[in-house]
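Student: Given next are the chains, with one letter for each unit.
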Amino acid sequence: MTTTTTPPKDAPAPPPAPRSAGALLVELARANMRQYGMLVALAFLVVLFQIWTDGTLLLPSNVSNLIQQNGYILILAIGMMIVIVAGHIDLSVGSLVAFVGAMSAVMMVKHDLPWVLALVLSLLIGAVAGAWQGFFIAYVGIPSFIVTLAGMLLFRGLTQIVLEGQSLSPFPDGFQNIAKGFIPEMGPYTQYHNPTLVIGAATVAFLLFREWRHRRRQLAHGLDVTPAGLWAAKCVAMTAAVVAFTLTLASFHGVPVVLLIMCGLLIGLGYVMRNAVIGRHVYALGGNKAAAKLSGVKDRRVTFLIFVNMGVLAALAGCVYAARLNAGTPQAGLNFELEAIAASFIGGASMSGGVGTVMGAVIGGLVLGVLNNGMSLVNIGTDYQQVIKGLVLLAAVGFDVWNKRKAGR
Amino acid sequence: MSGPVLEMRGITKTFPGVTALSGVHLTVRAGEVHAVCGENGAGKSTLMKVLSGVHPHGSYDGEIRFEGAPVAFKDIRASERHGIVIIHQELALVPHLSIAENIFLGNERARRGFVDWDDTLRRAGALLRRVGLRERPTTPVADLGVGKQQLVEIAKALSKEVRLLILDEPTAALNDEDSATLLDLILELRAQGVAAVIISHKLNEIRRVADAVTVLRDGRTVETLPVRASPDAEPELSEDRIIRGMVGRDLDHRFPARTPYTGADAGADALTVRDWTVRHPVDHQRTVVDDVSLTVRRGEIVGVAGLMGAGRTELAMSVFGRSYGQYVAGTVAVGGREVSTRTVPAAVAAGIAYVTEDRKRYGLNLIDDINRNISLTSLPGMRRRGVPGLVDADHERSVAERYRRTMNIKAPTVLEQVGRLSGGNQQKVVLSKWIHADPEVLILDEPTRGIDVGAKYEIYTVIDRLAAQGKAVLLISSELPELLGLCDRIYTMAEGRLTGEVTRAEATQEVLMRHMTAHRS
Numbered sequence: 001m002t003t004t005t006t007p008p009k010d011a012p013a014p015p016p017a018p019r020s021a022g023a024l025l026v027e028l029a030r031a032n033m034r035q036y037g038m039l040v041a042l043a044f045l046v047v048l049f050q051i052w053t054d055g056t057l058l059l060p061s062n063v064s065n066l067i068q069q070n071g072y073i074l075i076l077a078i079g080m081m082i083v084i085v086a087g088h089i090d091l092s093v094g095s096l097v098a099f100v101g102a103m104s105a106v107m108m109v110k111h112d113l114p115w116v117l118a119l120v121l122s123l124l125i126g127a128v129a130g131a132w133q134g135f136f137i138a139y140v141g142i143p144s145f146i147v148t149l150a151g152m153l154l155f156r157g158l159t160q161i162v163l164e165g166q167s168l169s170p171f172p173d174g175f176q177n178i179a180k181g182f183i184p185e186m187g188p189y190t191q192y193h194n195p196t197l198v199i200g201a202a203t204v205a206f207l208l209f210r211e212w213r214h215r216r217r218q219l220a221h222g223l224d225v226t227p228a229g230l231w232a233a234k235c236v237a238m239t240a241a242v243v244a245f246t247l248t249l250a251s252f253h254g255v256p257v258v259l260l261i262m263c264g265l266l267i268g269l270g271y272v273m274r275n276a277v278i279g280r281h282v283y284a285l286g287g288n289k290a291a292a293k294l295s296g297v298k299d300r301r302v303t304f305l306i307f308v309n310m311g312v313l314a315a316l317a318g319c320v321y322a323a324r325l326n327a328g329t330p331q332a333g334l335n336f337e338l339e340a341i342a343a344s345f346i347g348g349a350s351m352s353g354g355v356g357t358v359m360g361a362v363i364g365g366l367v368l369g370v371l372n373n374g375m376s377l378v379n380i381g382t383d384y385q386q387v388i389k390g391l392v393l394l395a396a397v398g399f400d401v402w403n404k405r406k407a408g409r
Numbered sequence: 001m002s003g004p005v006l007e008m009r010g011i012t013k014t015f016p017g018v019t020a021l022s023g024v025h026l027t028v029r030a031g032e033v034h035a036v037c038g039e040n041g042a043g044k045s046t047l048m049k050v051l052s053g054v055h056p057h058g059s060y061d062g063e064i065r066f067e068g069a070p071v072a073f074k075d076i077r078a079s080e081r082h083g084i085v086i087i088h089q090e091l092a093l094v095p096h097l098s099i100a101e102n103i104f105l106g107n108e109r110a111r112r113g114f115v116d117w118d119d120t121l122r123r124a125g126a127l128l129r130r131v132g133l134r135e136r137p138t139t140p141v142a143d144l145g146v147g148k149q150q151l152v153e154i155a156k157a158l159s160k161e162v163r164l165l166i167l168d169e170p171t172a173a174l175n176d177e178d179s180a181t182l183l184d185l186i187l188e189l190r191a192q193g194v195a196a197v198i199i200s201h202k203l204n205e206i207r208r209v210a211d212a213v214t215v216l217r218d219g220r221t222v223e224t225l226p227v228r229a230s231p232d233a234e235p236e237l238s239e240d241r242i243i244r245g246m247v248g249r250d251l252d253h254r255f256p257a258r259t260p261y262t263g264a265d266a267g268a269d270a271l272t273v274r275d276w277t278v279r280h281p282v283d284h285q286r287t288v289v290d291d292v293s294l295t296v297r298r299g300e301i302v303g304v305a306g307l308m309g310a311g312r313t314e315l316a317m318s319v320f321g322r323s324y325g326q327y328v329a330g331t332v333a334v335g336g337r338e339v340s341t342r343t344v345p346a347a348v349a350a351g352i353a354y355v356t357e358d359r360k361r362y363g364l365n366l367i368d369d370i371n372r373n374i375s376l377t378s379l380p381g382m383r384r385r386g387v388p389g390l391v392d393a394d395h396e397r398s399v400a401e402r403y404r405r406t407m408n409i410k411a412p413t414v415l416e417q418v419g420r421l422s423g424g425n426q427q428k429v430v431l432s433k434w435i436h437a438d439p440e441v442l443i444l445d446e447p448t449r450g451i452d453v454g455a456k457y458e459i460y461t462v463i464d465r466l467a468a469q470g471k472a473v474l475l476i477s478s479e480l481p482e483l484l485g486l487c488d489r490i491y492t493m494a495e496g497r498l499t500g501e502v503t504r505a506e507a508t509q510e511v512l513m514r515h516m517t518a519h520r521s
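Here the protein sequences come in this chain order: A and B. Per my numbering, the first sequence starts with residue 1, numbered consecutively. Per my numbering, the second sequence starts with residue 1, numbered consecutively.
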């Protein structure tokens, strides 16, 4: 039945044996195989296209472009990952992106609302749309596939109704900056963008502080920790990555506003999924709904909130996309739901729920983003791009299935 | 009555770590209804799975002879070709297909790959007449009651030219009227030369239809007894005689000595259930728990004995947040104060914990680690810096580590995936989860099912420790020695009702079994 190597029956629990760094690495890698595998694949893709494009890929201007081009997909992927972890799916996000973009255009272009107010109202519309779907899924008990398939048609239709089939533009500059803007430059002239350097330094400091605090607390609780050498190596690698990224951005226009939004979501929702009761309840529901209910998890409320969250994120992505196009258009967001779902699965989600991280969704989204950007740079047609992306999705999940089978479950 | 139609000799079947059958003999004579009895876990179902090819030839030792020739079935289809058909306790019908389609499922009346509907309906009609079911063959099975569905199952078996019909608890889900119809049908088929093996807990039914009974205990054949001299004679075998065969064994498990609870409130009522009545979740006509009242005091371990289908788990789950069935009536009090147990969170808040009998389905998130399985019910209390809704992951992990050590969960770290643990260790994880929730009352449903003897002893020790700390424990178990070895008092249930309350001093396996098989007169 199970394949554990239990010690002899009467032996007391073995003390946690001190393990070598190598064994620990292997264990860590095995535990997060798809996510780590995808991180390696992402690095490989970056190197591949960096060489193939003669260095264009990592030019500061292209890195900024890449972030702004993929921001809205990454925002959707983060929400989609949470939905999938809970054992559901959301097919409506592409249409919702279009609908919220259209509503924001109506508010700002037709009715001249201030853009901040319009943004807030747009997010509210997303929340209501999510609550609408969440109600049917959580409280009425209709499968999410059906409810969101209906939502996909519904919101697409509403988009065309409110726009009367036309595109609406232009948006105020402040709104456009959500997608196209950068943190403003401040301070004396250096070769680099000053606020970006400050943000980079703060990020490094924060990450190192967090690592140190985490390690100290683990030691205080008498838990076994990563060996010191390995831990130091991890810190150095992390610092190097952030510094390189910061310098790249700082030598162009600095930190894009979208990047700030995304990092906020990544950190915020990542934290919620790891450390908040509701996040744990999402994993429990996705892993075994019956057991979670019998453990006191309020399954309906959690499911409802997941879809409200997805609605708000889709609204945010809708605003970012509309701001980037500088128009509300009836065809916005077409197939975005599929990109978000693909990103989640490439990033380690499981079809049956219970598995996946917010970070994984971002990595999965970046794999797709780098593929898109790199293939465009080397002039691969969109026809072949689709073929390749389809194969990558198949390979990523196939690798995971194969790896699990080999591990002997 | 001639020679044997079926002979099973020296059947031994082992699963990893467990010997389910050990040298079992079963002989069924031609045209005989043969009953197989035994406690839950005695090996009855395993024996029938060996016979019907669910456990294929080669996965067991021993010999099966059918109609005089040795047979070796590699799957169910092979045994069905010989005319051996098993009808499982859970019916295997497709609800949205018609009666006729269900009867010929996998065995379609077809010509050149296309279903011959005329032939299908004609034959189905004939079979329905044979089993006495007055329904049209085109009626969807979902529109039939359970009793009629059972008859469809038998019609399906008859369509396969059945020579030996195996029925696993055929009347467990039926009311008295449907049961009587079914038993009459079995007798009628016997008259037509169809032999039957019937597994049943209901000794009165065995006396009514069986010609002989084989008693199994702990995976061994205890004895085969004739029930009546000839098919038409009155039964001679008494129910008490069968019971003696089923339980006649020494207490071969060891139990820890009870440590009494000495707190000031020892003996105070901890859990009081009054007039608890629950109906079946789908079939609202059926009362599954019928007017049950019971009390568990602080520091007390109280058992609930009953055979399969007696309503024990249904009672426990309906009390625990109405997780089962349709609530009809009844109140629950914890510590003398009436509480709401309308939802699981309410029941947990009231101080009740329920440890399920099916840990894989209802107890654990198998793809997650030990750490998070243990903390699941206690997360709101593990606050990070006092902020509601946030979890202190370090505190969580040190809690899990503590339980890994004290409960002796055999895993290298608490980050081990629960699905990879053995049954006993999984059970310790579920227990840890509920112990950490710090309830007043623990309802333990078959806490030692499917785990090895060593781990059982550890679980017993944990139960004893809980009682010694003043918790009230309601212990549901199908293993009578376990109840006798641990409990201060034992309630017995049959057909959804309490049929007895026995103190430790009075309790013997015979007394309990008599109460457990008591039926509505």
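Please note that a few of the clues may not be correct.
Just so you have them, the derived chain A footprint on chain B, three or more residues with Cβ under 8 Å [said to hold, decoys possible]:
1. 357-365
2. 372-380
3. 386-397
Rather than coming from a laboratory, the hints here were simulated on the basis of the structure. Just so you know, these numbers come straight off a predicted model, no measurement behind them. Positions of the beta carbon are idealized from the N, C-alpha and C atoms, including for glycine.
Student: Hint numbers the structure violates, sorted upward?
Tutor: Nothing - there is no hint that the structure violates, so all of them hold.
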